[in-house]
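S.K.: Sequence:
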Amino acid sequence: MKRLKKFSVSVALTACIMAFGASSASAATGWADTPQTAAVMYSSVIQNPYYSSTMYLDSMSDNDYYVVDNTQGSSEITYTVIATPPANFDIVMGIIKMNANDEILSISMDNYNGKGYPEATSWNAKPGEKVYFRIMDNGINNYNEPYTIQFTKTN
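If you use mature numbering (1 follows the signal peptide of the UniProt record, and there is no 0), the sequence shown corresponds to residues -27 to -1, 1 to 128, in order.
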């Protein structure tokens, strides 16, 4: 009886998260694994000021890409991106900024905070620019637990 009750609570909680929460998926090799298949956090065409997703890295070789796409924009946007790992996990957030000709302007890797602490950046994207965010694990067994990534447009 206790197992049935716990299972029912789990199902109800999952349904609530899916109905009201951010986008999510289970272990997702093949989902957003390249810049070409990146999940769009912001686009100058569809200007959502906020994006949040909870995902899993399902192996040490899994990477998830997200993009802030201002290629069609007419003004600079500023934003904050925060990637929060589960407790005792360490993730790396790679940031690749590209111009309108798909030339790399800069590459950086945020991996300063350690296990359980978020990696974050506040930056801008000028008209014609795209910024990719690559989330990957940093160490043995830093996968199969959910991380959350959040985008907030600040201007």
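A portion of the hints provided could be inaccurate.
[Claimed, not checked] No farther apart than 25 angstroms at their CA atoms in a straight line, the calculated lysine to any residue pairs in the SDA-like style are these:
hint, residue 1, residue 2
1, K88, T57
2, K99, Y24
3, K126, N61
4, K126, T7
5, K126, E76
6, K126, T53
7, K70, I113
8, K99, S32
9, K126, P91
10, K70, N114
These are calculated hints, taken from the structure and not from any lab test.
S.K.: Tell me, which hint numbers fail for this structure?
M.R.: Per hint list: 3, 7, 8, 10 violated.
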